[in-house]
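Enquirer: The residues making up each chain are set out below.
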Amino acid sequence: MGARAGCHLHVDPGRVSAPRPVTDVDLAETSLRDLNRMLHQARQGSFRVLNPRGAHAVACGIDTDITVEVRGSVGYYCAGMHQKGSVHVDGNASTGLAENIMSGTVRITGSATMSAGATGHGGLVVIEGNAGARCGISMKGVDIVVGGNVGHMSAFMAQAGNLVVLGDAGADLGDSIYEANLYVRGEVASLGADAIRKDMRPEHVRTLSGLLDSAGMDADPGDFKRYGTARSLYNFHIDDIDAEVAGRAG
Amino acid sequence: MSGTGDSWRLRESYTFDRHVIAEIHRAANTGVYRIRGWGAKRKLPTLDDLVFLGASMSRYPLEGYRESCGTDLVIGEERAARPLRIDIPITIAGMSFGSLSSHAKEALGRGASAAGTSTTSGDGGMLPEEREHSSKLVYQYLPSRYGQNPDDLRRGDAIEVVVGQGAKPGGGGILLGQKVSERVAGMRTLPAGIDQRSACRHPDWTGPDDLQIKIHELREIVDWQVPIFVKIGAARPFYDTALAVKAGADAVVVDGLQGGTAATQDVFIEHVGIPTIAAIPEATRALQDLDVHRRSVKLIASGGMRSGADVAKALALGADAVSIGTAALIALGDNDPAYDDEYRELGSAAGFWDDLQDGTDPAGIATQDPRLTSRLDPVIGGRRLANYLKVLTMEAQTIARACGKSHVANLEPEDLAALTVEAAAMAQVPVAGTDWIPGDRRRG
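The listed protein sequences derive, respectively, from chains A and B.
Residue numbers are given in this note's numbering: position 204 of the first sequence equals residue 204, and the series is strictly consecutive.
Residue numbers are given in this note's numbering: position 128 of the second sequence equals residue 128, and the series is strictly consecutive.
Keep in mind the hints are simulated off the structure, nothing from the lab.
Keep in mind that the hints are not guaranteed to be accurate.
Below, a list of computed lysine to aspartate or glutamate pairs in the DMTMM-like style, where the Cα atoms sit at most 20 Å apart [stated by the list, open to error]:
hint, chain 1, residue 1, chain 2, residue 2
1, A, LYS198, A, ASP168
2, A, LYS84, B, ASP151
3, A, LYS84, B, ASP223
4, A, LYS84, B, ASP152
Now the in silico label distances, taken between C-beta atoms and shown as ranges [claimed, not checked]:
hint, chain 1, residue 1, chain 2, residue 2, range
5, A, ILE241, B, GLY433, 53 to 61 Å
6, A, ALA28, B, TYR239, 33 to 41 Å
7, A, ASP242, B, ASP48, 37 to 45 Å
With the Cβ distance kept under 7 Å, some of the chain B side facing chain A (calculated, not the full set) [claimed, not checked]:
hint, residue
8, THR30
9, VAL32
10, ASP195
11, ASP204
12, ILE213
13, GLU217
14, ILE221
Idealized CB from N, CA, C, for every residue including glycine.
Could you build the full structure based on these sequences and the hints that come with them?
Expert: Structure below.
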């Protein structure tokens with residue numbers, strides 16, 4: 001299947017762990033089906049995916065506490081519906097990175113195109129570079145930290161969770177947003193319908209600080225502005241002229 | 001002239017009839033469009049405009065009560081490790097917990113299971129009660145992704161990627177605040193009590209090429225275990241079906257204009273999409289062009305199915321199965337005359353009530369009010385649905401046998417004639433008593 005055990009040194013700040021075995025899977029030799037089957041069947045361990053060459057659906061549907069490192073750029077839906085463990089991509093990602101992530105961590109060193117972290121229910125997505133349009137669309141509890149900029153319509157219909165942007169945000173940020181929090185350090189091209197700037201209270205600074213720490217991003221929470229919902233679209237506004245007129249008559 | 005009372009001098013405008021006047025008054029009073037449930041209510045070309053040409057001298061019928069007439073169907077055998085096998089060609093359409101009560105969802109599961117067929121989740125995710133009582137459950141993958149998670153994806157017996165539905169092709173769902181209870185809100189990660197409007201397009205794919213990759217991802221996540229459906233609202237069924245096949249669907253669900261909903265703008269329900277009778281032949285033509293019809297890709301037709309005759313006609317036009325929603329709710333007790341007084345208190349009447357969006361359903365089906373939901377016994381409801389499905393199946397078999405078919409899937413357009421020119425044109429079968437098919441595609 002093209003998989004082979006190797007040895008990879010994991011370095012944590014302040015201490016050096018013992019070498020842990022890493023299983024290499026070369027997508028130049030192994031089919032995507034075999035890779036994902038292996039990852040789904042593994043209960044633990046570390047895997048290194050070589051030569052992804054833009055393949056779609058790499059490491060999607062992981063449901064155990066495994067660690068996957070992808071050496072190179074990936075296509076659509078990398079780490080889609082991620083449930084547990086971590087996926088680290090040393091490269092860029094195309095549409096739908098970590099879409100519908102439930103928990104765990106997905107991190108890429110490069111940039112992501114459309115819909116990164118879309119509909120995510122939980123977990124942490126870290127994009128060290130930029131994210132394209134619709135980053136965090138319909139997010140439902142996921143935390144997303146973007147080192148660079150995000151494209152237009154990011155956090156569209158965002159329901160819950162936090163989107164942190166160290167750079168700028170494109171047009172219509174947070175359009176039709178529900179209860180998610182958006183933290184942007186740079187400029188916001190424009191806010192979408194029902195999105196407004198909100199106060200940064202101490203609890204928000206704490207949350208943001210924690211997210212920056214978790215993402216390994218060096219930034220001062222005091223430099224960010226917070227955006228969220230005005231809640232003006234939550235219910236239809238229904239007039240009742242007949243009742244008003246009847247009331248006057250009565 | 002004598003003998004004519006005042007009422008004889010009253011002439012109602014065809015253009016501005018009483019319904020139109022009432023709607024203008026309502027709009028002027030409230031400033032919001034009308035939202036309601038059910039499907040299109042106006043007169044449309046339907047499957048009633050077709051008749052079967054039973055066997056006689058030139059065709060040999062099967063004995064109605066003794067000779068077997070198969071009804072089973074397998075979906076996804078080419079790609080899925082666990083294809084969906086159903087005993088009858090009638091499935092239960094996706095309807096959400098939220099729009100329906102938990103008792104109603106359980107009853108649908110019980111009834112479908114007893115009849116050997118599948119039921120379908122809906123917007124808002126998979127309800128545990130529904131999974132528990134459904135031997136075969138199709139898990140919908142919707143634009144909103146409310147409650148979507150990989151565990152439920154793997155628990156499904158098939159996955160249905162919903163692109164659209166007949167009541168609102170191009171539109172998203174609505175669930176008004178009265179029905180967004182704490183439980184419903186929790187499953188959807190939304191504040192309770194809001195008027196929830198679902199997305200109308202998927203958040204992470206934008207066209208058929210993307211959908212192909214999305215379907216591949218879903219197959220990878222579930223390790224290629226179950227089939228994948230694509231559901232479309234009937235608007236351009238020929239092209240949409242072809243694109244769904246190209247994207248890798250194992251089944252295409254085509255939902256016609258008469259398809260129901262729990263809540264959508266009335267203007268959408270009545271004016272967007274094409275009737276079911278027009279949609280099925282077009283979807284069939286696409287499958288035939290791609291040489292997958294009655295083979296690797298199955299066609300499920302829905303939108304206003306009521307009787308075994310409708311089932312048989314849909315199959316004769318090329319569907320492999322039908323799906324029912326509104327009719328299933330009626331089987332559970334929707335619009336029951338026993339609740340007529342309560343329907344009238346709501347400003348409607350049994351037989352007319354369509355305000356499923358309000359959460360006040362006296363029958364306890366389309367509500368989250370515990371006082372009302374307790375009225376529907378899911379065991380009894382399940383039995384009622386199973387009986388109804390049994391009748392639909394027997395009726396379809398009766399017609400198939402009369403046409404000389406040993407399996408309902410053997411019904412074909414040649415078994416049909418049309419009663420109107422428009423039905424003949426839409427269904428592409430001859431006007432009764434002639435060999436004339438308006439716009440006959442076979443003749444170019």
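Enquirer: Now look at each hint and say whether the structure bears it out.
Expert: How the hints compare with the structure:
1. For the suggested pair LYS198 (chain A) and ASP168 (chain A), the alpha carbons sit about 17 Å apart, so the restraint of at most 20 Å is met.
2. Our distance criterion of 20 Å between C-alpha atoms is met by LYS84 (chain A) and ASP151 (chain B), whose separation comes to about 12 Å.
3. Of the supplied pair hints, the one linking LYS84 (chain A) and ASP223 (chain B) holds, its CA atoms being roughly 17 Å apart against a limit of 20 Å.
4. Restraint check for LYS84 (chain A) and ASP152 (chain B): the C-alpha separation of about 15 Å stays at or below 20 Å, so the hint holds.
5. At about 56 Å, the CB distance of ILE241 (chain A) to GLY433 (chain B) agrees with the hint of 53 to 61 Å.
6. At about 37 Å, the CB distance of ALA28 (chain A) to TYR239 (chain B) agrees with the hint of 33 to 41 Å.
7. With their beta carbons about 39 Å apart, ASP242 (chain A) and ASP48 (chain B) fall inside the hinted range of 37 to 45 Å.
8. The criterion of a C-beta within 7 Å of any C-beta in chain A is met by THR30 (chain B), whose closest approach is roughly 5 Å, and the hint holds.
9. Because the beta carbon of VAL32 (chain B) sits about 5 Å from the nearest beta carbon in chain A, less than 7 Å, this interface hint is met.
10. For ASP195 (chain B), the shortest C-beta to C-beta distance to chain A is roughly 5 Å, which falls under 7 Å, so the interface hint holds.
11. Taking 7 Å as the C-beta cut-off, the interface hint given for ASP204 (chain B) holds, the closest approach to chain A being about 4 Å.
12. Taking 7 Å as the C-beta cut-off, the interface hint given for ILE213 (chain B) holds, the closest approach to chain A being about 5 Å.
13. The interface hint given for GLU217 (chain B) is met, as the beta carbon of that residue sits about 4 Å from the closest beta carbon of chain A, less than 7 Å.
14. Proximity of ILE221 (chain B) to chain A holds as hinted, the smallest CB-CB distance being about 3 Å (cut-off 7 Å).
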